[in-house]
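Chemist: Using the hints, put the two standalone chains together into the complex.
In the order they appear, the protein sequences are chains A and G.
Under UniProt numbering, think of the first position of the first sequence as 1, with each following residue one higher.
Under UniProt numbering, think of the first position of the second sequence as 1, with each following residue one higher.
Keep in mind that the hints were calculated from the coordinates and are not lab data.
Please note that a few of the clues may not be correct.
Said to hold, decoys possible - Cut-off 30 Å, straight-line C-alpha distance, at most; resulting in silico cross-link-like pairs (DSBU-like, lysine-lysine):
1) 6/A to 147/G
2) 17/A to 144/G
3) 147/G to 17/A
4) 16/A to 77/A
5) 6/A to 144/G
6) 144/G to 77/A
7) 127/G to 6/A
8) 16/A to 147/G
9) 193/A to 219/A
10) 241/A to 77/A
11) 17/A to 77/A
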Amino acid sequence: MNSLIKLEITRALRNKKFLFFSVIYPSALFLLIAGSADSTTKVDGTGLTLPTFFMVSMASFGALTAVLMGNSERIAKERESGWVRQLRLTTLPGRGYVLAKTASAAVISLPSIVVVFAVAAAVKHVRLDAWQWLALTGAIWAGSLVFAALGVAIGYLASGDAVRPITMILYFGLSVLGGLWMPTTTFPDWLQKIASWLPTHAYAALGRSIELGDAPHAKDLAILAVSFLLFAGGAAWLYRKDTLKA
Amino acid sequence: MHRARAATMVPMTTTAAPATTPVVGFDQVSKSYGNVRAVDGLTLDLHPGETVALLGPNGAGKSTTLDLLLGLKHPDTGAVRVFGAGPREAIVGGRVGAMLQSGGLMDEVTVGELVKLACDLHPKPYKVSDVLARAGISQIADRKVNKLSGGQEQRVRFALATAGANDLIVLDEPTTGMDVSARQAFWATMREQADQGRTVLFATHYLEEADAIADRVLVLHRGRLLADGTAAEIKAKAGARRIAFDLEGPIDEAPLRALPFLTSIDVSGHTVRIQSSDADATVHALYGLGLYPRNLEVAGLGLEQAFVAITAAEEAKSQ
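The following block holds chain G by itself, in its conformation from the complex (with noise of 0.2 Å):
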C-alpha cells in the first residue's frame, strides 16, 4: 500500500490502529527553543505492546520528544498523554518508567541502596533482588555509584527504570558505553519486557539495534516524523533495494532509466547498478525490455542507508 508513494517522502500511515486508548498520543505538539524548533507539529499514537525506536540525526528532536513524553518538558502547542491522561499522572500512577540518557545517579550511596530507593518510590514494585538480578547488577550491589564503569552505570540506570510493573519504558539511547556483549544481554531483557506485553521506546543512534529488536521505527527529522513503519518499510521507502547486472554490448541507458520504481541508476562500463524500491517489479520490467541480465544481484540495504537516504533526501527538499 505504501509502494505507490515510496519515492516521495511522505511519512508512511501507520498499521490499522487498535481501538483502545494509545499508549503515548501526541497531538499537533510542537516546542521550541528560541527560534529553534526542536519539535514540530508531531502526530503519533504508540499503541500497548509495541516495541518502537526512534531513529534520528543528532539534533533531530529525539531528546525533545522523549523529554516531552515524559513532563520533563511542556509543549508549546499541542497535547501530549500517557495512557489517557497527563504525563506526570502516568508517572505517579507507576505506568512508566524511563532511562534518561544523561540520568545523573546519586552518589556516595551504594548500587542496592539506590535501586532499592527506586522500588520504595514505586507504586508497583519488584524485589529488590529480583531487579538487581534482572539488570545484571547483583555482584556490584554493595559497591559505591560513584566506583562505576559507564556500562554497568547504564545498568544501574536501567534497574531504576525497571523497578516496577511499568506498562510503558522509555529508554533514551540506552546502549551507549557498552560493549557488545553487555548490548546484547541488555536487549535480550528488554525483549523479555515486550513479551510480557509492555511498549518498549528507545531513541537509538545503533541502527542495527532499531532493525534486529523494534517492530515499529519512527525517523525523525528536524522535529518532524519522516517515516513511520516497520523497519523493511522503511527501507523499501529509501528505494531499498540493489540491483546489479551485467549487459553485453553497447549499453542504451534511456530504456534502464524509464524501468519502474527505479530510485537510481549507475552505469560503469558492463556493469549496471540500480536502486529500486520494488525490486520485482523492476526486474521483471528490465526481462521485459528484451535484455539478457548476467550475474543479477538483488540485495536489500541496511536500514542504514535507508535512513541516510530518507533524511537526504529531506534536506535536499528544504534547501
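Extracted from the complex, chain A is given alone in its bound form (with noise of 0.2 Å):
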C-alpha cells in the first residue's frame, strides 16, 4: 500500500496545473483581496483585522481546493477506465486506494496551508503567536480531511463526464456561501443563517477563533465532525456499492 501512496504523491507533485491551483492560487488570491488593505481596521462582527480575516480564509480555501478538486475527478475517471479494477486485481486491500489518495491530497493541503500563512505574514505583516501557528496549521490541515472525505464521496457517486460540474458547483458553493471568499456579515440575513450551517463556514471559523486565541465554538466542531461522518460514511456506501457492481 506504501508504494501506491508513494506512487500517488509523486504523481501529485508533477501534476504543475494542478500544484499552482492549490499552492499558488489561494496566496495570489489572498494578495488580491487584502492587499491594499490597512493592517488596523476590523472585518465586523470578528474582532480580525482584513489581513488576518483572509489568511484564515485563503488557508482554508486552498486546503479545500487541494483535497476536493483533485481527488473526485481522479476517482471517477479512474473507476471509468478501469485502473479500480486493475488494483482490485492485486493484493492492496480495498481502502488501500482511498487511503492513497486521501493521503496525495493531504501532502499538497500542506504546503498550500503554509505559502499563504508565509505570504500573510511577510507581505502584510500578520503577527499571531507561535501556538497559534502551528494550532492553525494542525487545524487546517486536519479539517481538511472532511473535504477529502467528500472528494472521495464524489467519485465514486459521479461519471467521469458529470464529476467536474459536480464538484465546481459544491466548490463554488461551499467556498463562496461558507465566507472564505468574503465574510458571511455581508450576506442578507437568511443567507447568513444558511451560511453559517456549511462546514466551509465551521472550518474557517475554526481558524478564525484560533487567531483571537478562543476556544472554538461547539457548535462549529459539531458541524465539522457530522459532515466528516456524512461525507466518510457516503463515501464508503458509494464504495462498497461500486465494488460489488465493477
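Modeler: In C-alpha cells, the structure reads:
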C-alpha cells in the first residue's frame, strides 16, 4: 500500500497545473483581496483585521482546493477507465486506494496552507503567537479531511462526464457561501443563517477562533464532525456499491 | 470416444481429470443482469499446466466468466473456487495474474513506475527490469503511460499481469490492438509461461490463436458451455472435415445422403461436397457403395468454421 501512496504523491507533485491552483492561487487571491487593506481596520463582527481574517479564509480555501478538486475527478475517471478494477486484482486492500488518494491530497494541502501563512506574514505583517501558527496549521490541515472525504464520495457518485461540473458547483458553492471569499456578514440575513451551517463556514471559523485565542465554538466542531461522518460514511457506502457492481 | 455423439451438439467431457485440486473450479455458476443470464449453470475445472482458450461470440459471457473467476463479480448461485479457495484469497496469495480487456492504467506516471508498483504489490515479485524486458517495454520505461500506443498499452497490462510468480494467468482478449508481429511475440512469451507449468486461460475472438496456442478450447454461448476439448476435437465435433469429389454420369443422391458421419451434402453438376465428422469412415463407405470418385479431396475445416457451425446449430436449436 505504501508504494501506491508514494506513487500517488509523486504524481500529484508532478501535476503543475494542479499545484498552481492549490498552492499558488490561494496566496495570489490573498494578495489581491488583502493587498491594499490596512492592518488596523477590523472586519465587521469578527474582531480580526482584514489580512488576518483573509489569511485563514485563503488557507482554508487552498486546502479545500487541494483535497476536493483532484481526487473526485481522478477517482471517477479511474473507475471508468478500469484502473480501479485492475487494482482489485492485486494484493492491495480495498481501502488502500482511497487512503492513497487522501494521503496525496494531504501532501498538497499542507504547502497550500503554509504558503498562504508565509505570504500573509511577510507581505501583510500578520503576527500571531507560535502556538497559534502551529494550531492553525494543524486545525486547517486536519479539517481538510472532511472535504477529502467529500471528494472521495463525489468520485464514487459521479460518472466521468458529470464529475467536473458537480465538483465545481460544490467547490464554489461551499467556498462562497461558507465565507471563504468574503465575510458572510456581507450576506443578507437569510443567507447568513444558511451559511452558518455549512462545513466550510465552520472550518474557517475554527481557524479564526484560534487567531483570536478563543476556544472553538461547539457548534462549529459539531458541524465539522457531523459533516465528516456524513461524507466518509457516504464515501464508504458508495465505494461498497461500486465494488459489488464493478 | 466423442464421435458417436459428435453430431448432436452436447458438450464433450474433459479428458481424464488429474486428482490434484483444480486450478479453477466452477460449480453450477449462474450470473444474471436483470433478465439476461450472462452465465448459466456453468460447471468446469481447469487443471495445472493447461493452456485454455475461452471462445464465444460477443455477449457469450466470456468477460463475465473471467470476472467471476477473478472475484470482480459474485455469482448469483453456485461456487467459484480458485486453487481450492475463494478468488480473493488466491489473488492475495499472489497466485493469479490477470490482464483485463478494459484494464485502465494509472496515467501521469511512467511505465517503469507503474510496473514497479505492480511488483511492490505482488507477494512473490520478479525484478522490475526482468518484467519490463519480458513484456518488451524496457525501451519505453521512462515514457508516461498516457503517451502510449494501443499495442504498447497492452504490453504494459501484460507486464502488470506477470509482475510476480503467478500459477494462473488470466487474459481477456490480450492481443486486441496489436499488429501481427507483436501478437506473435506476445504468444511466444505466453508459451514460455505455460512451459514453466503455469496455467493460462485466455478469452479471444481470434480463432487462429486458440487453434495454435491452446491445448484446450472452451466454447461458450449464451452463458453455457457448448464444447470443451482440444481444437481438433472441436473441429471434429462440428462436422469439420470437408470431402469433395466428382462422379461420372447421373448422380443418385439417396445413397450418398445415407453415408455414415455425414453432416451436410451439396451436389452441383458432377461435383459432390460433403462435410463429415469422420472422414475416414465416410470415404470408406463411399467406396463401399461401388462408386468411383474422381479428384477426391479431404480437407480439414478451420476452427473458425467449426465454431460457427457449433454456435449456429445451438441458435437453430433454441429457436
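Chemist: Each hint needs a verdict: does it hold in this structure or not?
Modeler: Hint-by-hint comparison with the structure:
Annotation: proposed proximity of residue 6/A to residue 147/G holds, straight-line Cα distance about 22 Å (limit 30 Å). Note on residue 17/A and residue 144/G: the hinted pairing holds, with a Cα-Cα distance of about 17 Å set against a maximum of 30 Å. Taken as a hint, the residue 147/G and residue 17/A pair is honoured in the structure, with Cα atoms around 18 Å apart against an allowance of 30 Å. At roughly 19 Å between alpha-carbon atoms, residue 16/A and residue 77/A fall within 30 Å of each other, so this suggested pair holds.
The suggested pairing of residue 6/A with residue 144/G holds, with an alpha-carbon distance near 17 Å, which does not exceed 30 Å. Between the alpha carbons of residue 144/G and residue 77/A the distance comes to roughly 17 Å, so the proposed pair stays at or under 30 Å and holds. A C-alpha spacing of about 19 Å is found between residue 127/G and residue 6/A, which places the hinted pair at or below 30 Å, so the restraint holds. Simply put, residue 16/A and residue 147/G have alpha-carbon atoms about 17 Å apart, close enough for the 30 Å limit, and the pair holds.
A threshold of 30 Å between alpha carbons decides the hint, and for residue 193/A with residue 219/A the separation of about 13 Å falls inside it, so the pair holds. Taking the CA atoms of residue 241/A and residue 77/A, the gap is near 17 Å; set against the 30 Å cutoff, the hint holds. Among the hinted pairs, residue 17/A with residue 77/A is consistent with the structure: their alpha-carbon atoms are about 18 Å apart, no more than 30 Å.
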